[in-house]
Amino acid sequence: MLDVGRHPNIKLLAYSELERLEGDAGNFTATIRRKARYVDEDKCTGCGACAQVCPTPVLDLYNEGHAERKAIYSWFAQGIPSTHAIDPDHCRVLNGKKCGICQKKCEAGAIDFDQTDVIIDLPVAAVVVATGYDVFDPSRMPEYRYNQLDNVITAMEFERFLSASGPTAGHIYRPSDRKVTATIAELEKKVKKSQKALDRFEKTHGKKSDEFYAAYTDGSLKPGEDLEKDQDKWAKRVEAHLENANPLAVLKEKAKGFTTAKKIAFIQCVGSRDLRFYPFCSGYCCMHSIKEAIIAHEHDNDTHTVIFGMDIRAVGKGFEEYKIRGGNNSNISYKRSRVAEITRNPDECPVLIYEDTREQKIQRQAFDLVVLATACGPVKGAQKIADTLGIDLDRFGFFKTDPSNPLDTSRDGIYVCGCAHSPMDIPESVAQASSAAARAAQTVIKKNDQKAS
Amino acid sequence: MTKDILVLGGGIAGIQSSLDLAEMGFKVHLVESLPSIGGKMAQLDKTFPTNDCAI
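Quick note, the sequences are listed as chains A and B, same order.
Quick note, in our numbering, the first sequence goes up one by one and the last residue is 770.
Quick note, in our numbering, the second sequence goes up one by one and the last residue is 66.
Next comes chain A alone, as it looks inside the complex (with noise of 0.2 Å):
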């Protein structure tokens, strides 16, 4: 990444779009909408003092929405380029109301409220399609709950998890425990600032808050007259304090238990191999959960993983050995089986009603914490890409090509690569990203060689 941003050889437009591609193959103008970030790409150095300061929290899809980040950002901290953007949609000045902390923070001088959009054409002679993909989204498969239960993620939450700079700081925390934790600290924070109120009454009549109220509910208070005057307000205050108190000690006293996820489940073919959604197989989501268990068992020794498939797909150079050494050595089984539904235990663990075809029973099983390993599918907005650059879909979104030609898109001059092409893993990606920037090299030589002659 680092290197795409020093080469002189490349012009990088983060933060823009394709609008237009007009011409033919070595003669392309492409317009270019380089979309307003508010910060000037040249002033800003990425120091990230304006997000410290911003007082808008917006969620982070960067972690997939477990965490917040503001309404200035960088993508993520070792983005390329560093060049923070503002996101209109959060923005308090973009939205007409008063703030402008971060323009009076930043030491460059590069925030600039009054950015817009700007237009360019570029005259390009070869295009590589390299758009990539989306992940399937599991709340249309009903069965397994993914948007009623928490403790059901998907394989690219999981991996956030899992990162050092994640969420979680790498530990598999599970996102029911972690709503019970963000609950008690709201809480605390109330209940200081009624504990405060209540330390008032408490100084001026020598009396604990909690002895006064027993005493008013039942009765018993002794006339006094500057208790007389304040009882009732301050009744109403330990009232107050009370209703964010007993439910912070319940919350407490359930917080004691928590621990990370220790049994994992990953469910395959989530959204793949699937007729009601994507028949194809999407290559890399078996090496993946292997990868993600492994790596969990690497964080703690005592976590124990079931990767529910029909069968596992290590193909490629060295995935095979990668596979049993997560079995010997990494607390992994594999269990041949198709998981039917996902319910809920009391204590938030998911449960899963699967057919162990082996033993030819329906089984029930509780885990911790379940990963659905979801489908690579087309990217969203693949048919506006399309019909921008002139080129077709195959019959489920990817772009199409050719088996004899299997880069070439229907359209001269235009190359696709990677996910955009259909569903491959990483190596593959980057061996067919070297394969279209040969074909894209071939087409402009070659034009610029008829052109010549």
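Careful: at least some of the hints might be erroneous.
Claimed, not checked - 30 Å max Cα-Cα, derived DSBU-like pairs, lysine-lysine:
no.	chain 1	residue 1	chain 2	residue 2
1	B	LYS38	A	LYS360
2	A	LYS496	B	LYS14
3	B	LYS57	A	LYS553
4	B	LYS51	A	LYS539
5	A	LYS580	B	LYS57
6	A	LYS414	A	LYS352
7	A	LYS652	B	LYS51
8	A	LYS768	B	LYS38
9	B	LYS57	A	LYS569
10	A	LYS763	B	LYS57
11	A	LYS360	B	LYS57
12	A	LYS507	B	LYS38
13	A	LYS717	B	LYS51
14	B	LYS14	A	LYS652
15	B	LYS57	A	LYS579
16	B	LYS38	A	LYS697
17	A	LYS768	B	LYS14
18	B	LYS57	A	LYS414
Said to hold, decoys possible - If we take Cβ atoms under 7 Å as the criterion, some of the chain B residues that face chain A in the derived model are:
no.	residue
19	ILE26
20	GLN27
21	ALA33
22	GLY49
It should be emphasised that the hints constitute simulated quantities derived from the structure, not laboratory data.
The C-beta atom is built at its ideal place from N, Cα and C for all residues, glycine as well.
Position chain B against the provided structure of chain A, taking the given hints into account.
Structure of chain B alone, referenced to chain A:
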């Protein structure tokens, strides 16, 4: 006549294509819709089968 090449998408495939073309001596315009390049791979912690760091 131009020799520039447009690469759409700054994920691992787009990055690799851009670097290869740039090394061949072509001018590359790399277009990414998000504020930073890296794509899905930048969200990954480690990669198989070597457990190398993704970023």
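Checked hints:
A distance of roughly 24 Å separates the Cα atoms of B:LYS38 and A:LYS360; the hinted pair therefore holds under the 30 Å criterion. Between A:LYS496 and B:LYS14 the CA atoms are separated by roughly 54 Å; this puts the pair beyond 30 Å, and the hint is violated. A distance of roughly 55 Å separates the Cα atoms of B:LYS57 and A:LYS553; the hinted pair therefore is violated under the 30 Å criterion. Distance restraint check for B:LYS51 and A:LYS539: the Cα-Cα separation of roughly 69 Å exceeds the 30 Å cut-off, and the hinted pair is therefore not satisfied.
As the CA atoms of A:LYS580 and B:LYS57 are separated by approximately 21 Å, the hinted pair is consistent with the 30 Å bound. Between the alpha carbons of A:LYS414 and A:LYS352 the distance comes to roughly 22 Å, so the proposed pair stays at or under 30 Å and holds. Restraint check for A:LYS652 and B:LYS51: satisfied, since their Cα atoms lie roughly 28 Å apart, inside the 30 Å limit. In summary, the hint linking A:LYS768 to B:LYS38 is supported, as the alpha carbons are separated by about 19 Å, within the 30 Å threshold.
This hinted pair does not check out: B:LYS57 and A:LYS569 have alpha carbons roughly 35 Å apart, beyond 30 Å. For the hint pairing A:LYS763 with B:LYS57, the CA-to-CA distance comes to about 40 Å; that exceeds 30 Å, so the pair is violated. At roughly 33 Å between alpha-carbon atoms, A:LYS360 and B:LYS57 are farther apart than 30 Å, so this suggested pair is violated. Proximity of A:LYS507 to B:LYS38 is assessed by CA-CA distance (about 58 Å); at most 30 Å being required, the pair is judged violated.
At roughly 22 Å between alpha-carbon atoms, A:LYS717 and B:LYS51 fall within 30 Å of each other, so this suggested pair holds. Pair hint B:LYS14 plus A:LYS652 does not hold up; C-alpha atoms about 54 Å apart against a cutoff of 30 Å. For the proposed pair B:LYS57 and A:LYS579, the alpha carbon gap of about 20 Å is at most 30 Å, so the pair holds. Taking the CA atoms of B:LYS38 and A:LYS697, the gap is about 29 Å. The hint holds against a cut of 30 Å.
Between A:LYS768 and B:LYS14 the alpha-carbon distance is near 12 Å, which keeps this suggested pair within the 30 Å criterion. About 42 Å separates the Cα atoms of B:LYS57 and A:LYS414, which puts this hinted pair outside 30 Å; it is violated. Evaluation of the B:ILE26 hint against chain A yields a held restraint, the C-beta minimum of about 6 Å falling below 7 Å. The interface hint given for B:GLN27 holds, since its Cβ lies 4 Å from the closest Cβ of chain A, which is under the 7 Å cut-off.
Taking 7 Å as the C-beta cut-off, the interface hint given for B:ALA33 holds, the closest approach to chain A being about 4 Å. With a cut of 7 Å, the hint placing B:GLY49 at the interface with chain A holds, because the nearest CB-to-CB distance is about 6 Å.
Checked against the numbered hints given earlier, the structure breaks hints 2, 3, 4, 9, 10, 11, 12, 14 and 18 and satisfies all the rest.
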